[in-house]
Amino acid sequence: MTTLLDLKSSVLRQVQRSQSLRGRREPPPSAASSPLSAHSPGPLAHRISEDSVEFFERINAILQKEETMLHAAQAESQIGSSSAPPPLEHVDQAFIPDTISRRELDLLYEEALYTVVNRVGVPSPDYVTSEEDLLTYLLKVFDMGQEEHDIILQRVQESKRASFSMRVSVMKAKNLMAKDANGYSDPYCMLGILLGQSPCRGGETEEKKERRFSFRKRRDKLEKRSSTKEVLPARCIQATEVKPETLNPVWDEHFVFDIDDVHNDLLHLDIWDHDDDVSVAEACKKLNEISGLRGMGRYFKQIAKSVRSNGSASSGSEENADDFLGCINLPLNEIPVAGYDKWFKLEPRSSASKVQGECHLILKVFTSQRDTALTKRDSDVSIHRKLLSQILEYDHACVQREPYNWNGQVSPLAWTVLSHHAVQTDLSPLQQAITRWQCYSSHHRSQRLCYALLLRLLRTMDTEWDPVTVRGDLERQLSDSFRLYTEHCLSLMKNMRQVFPTTSPAAIARYELMLRGIGCMQTMQAFKIVCPLRNELHLDITTAVKKGTAEWYESIIAQYKPEEGPLEEQLKRRVQVADAVCSDLQRAHAVYNQLFHSAVKVDYFSISYRQLEKLVADDMNVAMERVCGTLETESSRLTPAMGETIFELFMTLKTIKGFREFLPLKDAKLLALMGFHNWFKTSIHKWLQIVHEKSCDRIHRAVEIDKLEPVQQAKHSSSAVEVTVCFSQVRQIWSQLAWPDSAGAFIFVTRLTDNFCSEAVSYSEMITRKIERNQLGRDHKSQTVQLCVALNDMEHVRVFLGELPRDLDWPLVERAMEESCGAEGKEQVYKALHGQLYNVDLDLQREATRLIAVLTDKMQPELRRCLQHISLSPDSINDDDAVSPLMKYLNETLVVLKESLVKENLARVLQSMWELLLRMILDTVAENRGIQVEFYNRFQYTVETLLQFFHAEGDGLALEDMKSGDFKVLDEELRLNKCSSSELIEQYYLEKISLQKTLKHTRFGRISVKCYYDAPEQRLTVEILHAADIIALDANGLSDPFVIVELCPHHLFPLAKSQRTQVKPKTLHPVFDELFYFHVSPEQYRHRFASLTFTVMDYDWLSTNDFAGEAVAPLSDFCWPGRPNASAAGKTVQPAILHLTRNKPSEKPVMRLLDARIGDREAQEFVRRLKEIEKSMEEE
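All residue numbers for the sequence shown refer to our numbering, where the first residue is 440 and numbers rise by one.
If you are wondering where the hints come from, they were derived from the structure by calculation, not from laboratory data. A couple of the hints might just be wrong.
[Said to hold, decoys possible] Straight-line distance between alpha carbons at most 20 angstroms, and here's what the computed EDC-like set of lysine to aspartate or glutamate pairs gives: (1) 1209 with 1143; (2) 793 with 810; (3) 815 with 545; (4) 1154 with 1204; (5) 815 with 926; (6) 1297 with 1383; (7) 599 with 680; (8) 985 with 912; (9) 1496 with 1318; (10) 1417 with 1318; (11) 1402 with 1422; (12) 1265 with 1282; (13) 1270 with 1242; (14) 613 with 699; (15) 1220 with 1338; (16) 1146 with 1058; (17) 618 with 545; (18) 793 with 762; (19) 1297 with 1246; (20) 1337 with 1218; (21) 618 with 786; (22) 967 with 1002; (23) 1220 with 1148.
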């Protein structure tokens, strides 16, 4: 497995792209199908698995959680009522506008009163005409005391009255009468103000109507004035350009006239057909340089004459006279407050005149001079903005129902005041639009309004936009308002999940309008001009979304605190965090992304997903490393709930990763969660461990109610059936898990296989314990039958596990790994999976062996009785009679075993019985050492009889299997017990010689000797040269070594005495160079056990000498004919290096046998000498 994880990256990428091996093999099972359908053992299994089914249902719910969350998110927006108020829109205090001082408030109040007192124009039905009502309203708006109000009002009334002017825009005319031969006319307009010419309100006679049609008709009355300058200055007569050959002229010219009496003056306009080439405008200009003309009609007449005389030589000809096309007479006191912007029907000069057509005029009366303190200090736009802000504060505060959804419509009283002030201060529609936007957007930052209102204001401003008219302070103030509003909206975008939740339809509606407002703003020419540095507003939106997403994620972390609490609680909180992210992504895709895309052309989902996916990946990666590390070191803390939580976290992250399909193709690559499954490679098996534990619990209960009776025609019980059913259920649940890569599938298949194996072993252990508990009070046969059923149960499960390669399709896994990782990958898969089966087979055999041990233990009393009968039988009874009770019992037992056990188990039980009998016989022999040889011969016969019984002429156990292990030990034990003491001593030296030949190096040192044999003299010469690395046995760290050399065994050399070298004081490397002679006959050295023994001792003159080590050399190496040492040149042979040993003699079986022969002097003397050496070693 480690090798697979370290494969080169290209191979791993191929593995990751491959489909789950389980997924390719099996389709997901139907949710309605029961996992017990294929192997259901009946109602019993259903009762057993009731709790386990609940566990599997929870796991299934986790697997289906993705779909559940998708449906929940889609229905979430329908939960809230549309009438429920949206959450509060909390913003930074920096966005809230400053409050106005009391001094400024008083000045503004004066301006408002001045506006009311100097009202002009005809009010529309929406206006309030009562001055008292208006003053009372303003008193409340400004929160003025009555006394203070009276003072300011008196000051206003005593101030100079406002001076008025009128702006006249001559836009165009249509359907004029054709006066020229070509069917067209060359129209132009002349207009001016007639002083005191407004008719009385009420009924008018035909005579008065007639007099309105022409200035000439009123000449007599005008001449009564003291001078023409008092009547009308010449500069007040204006004319448009001539538009040649058209009946629908477009002039779009603008004029301003000062007004003496706004209540009585009248606007008069004539349209003429120009018949000369001289400019009417020039003629009008020259006329403005003349004074003293008498009568208004003479003004217009003089202009016409001037035009004709300057344009033609025949000035007196009537043929060149301009033709009258119509006129308009408009009393100023009939003009509405907001002015006129309409088509006026042309009127004739008299009832005899014939005219037709209409003229489009825009008229507005405004103040040219105001006697207020603010007017002298601030601009009209600034004053109007302050007044509107104050009124907004008051009117909005008065809104009781859904103040957050206020559309900005002020009361009629407020509208009256504001309209009069805007008209009087001559604010253009653009200026008013900008002012309204500034005030409403500023007010919205502290008291939220309807976003539809703000959007409407933006669109109005965009419609009226004229960059030429917006300069200086107004441009700067507009830029500030845009900046503050965008920052306010960006701030709300950061908190959109709280401020505009999908559960509130009202909030979502507001959010959509807000986004549309931002989208409208970034396309406005005004925004692009006054905010040139913020033309990339979509980048600011992206930044806000990113910050908001990060802050929301941090809030989720702070809310759930996944770092706190025990490990299990941390995992649950991690799942809650992941679920919250999953739900947020669903809302982002289903709701928010559509809003952003349609309003501001920003891909909200991609931005949010990439960031959340990265945040989740980073946190979960670190968390899972910590969790996995903790679980590995503290496995005892693992609980079923924790295992389910780990799996649930994995599935939730898988769901989050699945959202990448909604990303653009270029963004769906190289995401942080692409390899998230790798984080779970060391922990997802914990979930499988939980499944394993639940399965074990289910199996445990199955074992508890199992009566250990064969089911139907089988030889196994109900619990074995339940185990295989449980395995089938786990396998079906596993098939629903889609692992992203084939390598991961291999790992999980390995773990799943391991779980199956562990559960099987657990089952076998529980069956064994149940058997051990249930044996009391039962007869021998029923105990044997139950034990056989339990063994068959284990075998039934083992056979099921043998089908795992087919059920889990191991060959497919091997092929997939071979394709992605080559032959090495296939080999790893084969070793890992088949190794697990091999190991579980060993474990099941171990438990079966334990159960068989219980079975054989039940046989021990009877077997012991039978063996005792053999051991106590007198020599007069033949061997067959002595063994007969044992063989009868074995035959009866074999009949029961054949009926109850399957073939495989029968062989195991017979093998165990054979091994048990060998041990029992071995124990019997060990308890009876040192007695007559006939005793051991009888047991030798018993072993041979049992060998034939269990072999059963080839139908039973194999001879090679039987003649191993304890059989060899027993055979050796019987052989040795039949030996004499001398033969045992000879065996002892044979073993020492064999051990000496295997020594290559020891820590006890070595001795160098030279031995050669003189055959004619039958003399063995032993030359002890030196020793090295002797162990230190004295307190000074040295020794005082000497060597004892002797011929062994003593019964072979009864006349040979031991000899010794001199003592070499204080050294670990003594040099002896001493010769010793021994008489050795050919009859003596021919024995394999004949040997020279070199014993190195440490001399102590105050106590017993200490044993330092010994070495043994067989005489056959020196004395045998043909050896170099046995020739004449024996003295020249190389010395032999013998390594010293210090083995305890009591550890040898021969010693135990000799020690048991208490009455044997030879045996006891040999044992005594060896015990002295062993005692010396212990004292050291």
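Results of checking the hints against the structure:
1. 1209 with 1143: holds, 8 angstroms
2. 793 with 810: At roughly 48 angstroms apart (the allowed maximum being 20 angstroms), residue 810 and residue 793 break the hint.
3. 815 with 545: holds, 15 angstroms
4. 1154 with 1204: Distance ~19 angstroms between residue 1154 and residue 1204 Cα, so the pair holds.
5. 815 with 926: violated, 34 angstroms
6. 1297 with 1383: violated, 24 angstroms
7. 599 with 680: Violated: residue 599 and residue 680 sit about 38 angstroms apart, past 20 angstroms.
8. 985 with 912: It is violated: about 34 angstroms lies between the C-alpha atoms, which goes past 20 angstroms.
9. 1496 with 1318: violated, 47 angstroms
10. 1417 with 1318: holds, 17 angstroms
11. 1402 with 1422: Violated, because 25 angstroms separates the two Cα atoms, which is more than 20 angstroms.
12. 1265 with 1282: Distance of about 26 angstroms is beyond 20 angstroms: violated.
13. 1270 with 1242: holds, 17 angstroms
14. 613 with 699: Status violated; Cα separation ~32 angstroms.
15. 1220 with 1338: Holds, at about 12 angstroms.
16. 1146 with 1058: violated, 52 angstroms
17. 618 with 545: At roughly 61 angstroms apart (the allowed maximum being 20 angstroms), residue 545 and residue 618 break the hint.
18. 793 with 762: At roughly 11 angstroms apart (the allowed maximum being 20 angstroms), residue 762 and residue 793 satisfy the hint.
19. 1297 with 1246: Not OK: residue 1297 and residue 1246 at ~39 angstroms, beyond 20 angstroms, violated.
20. 1337 with 1218: holds, 18 angstroms
21. 618 with 786: holds, 16 angstroms
22. 967 with 1002: violated, 48 angstroms
23. 1220 with 1148: holds, 14 angstroms
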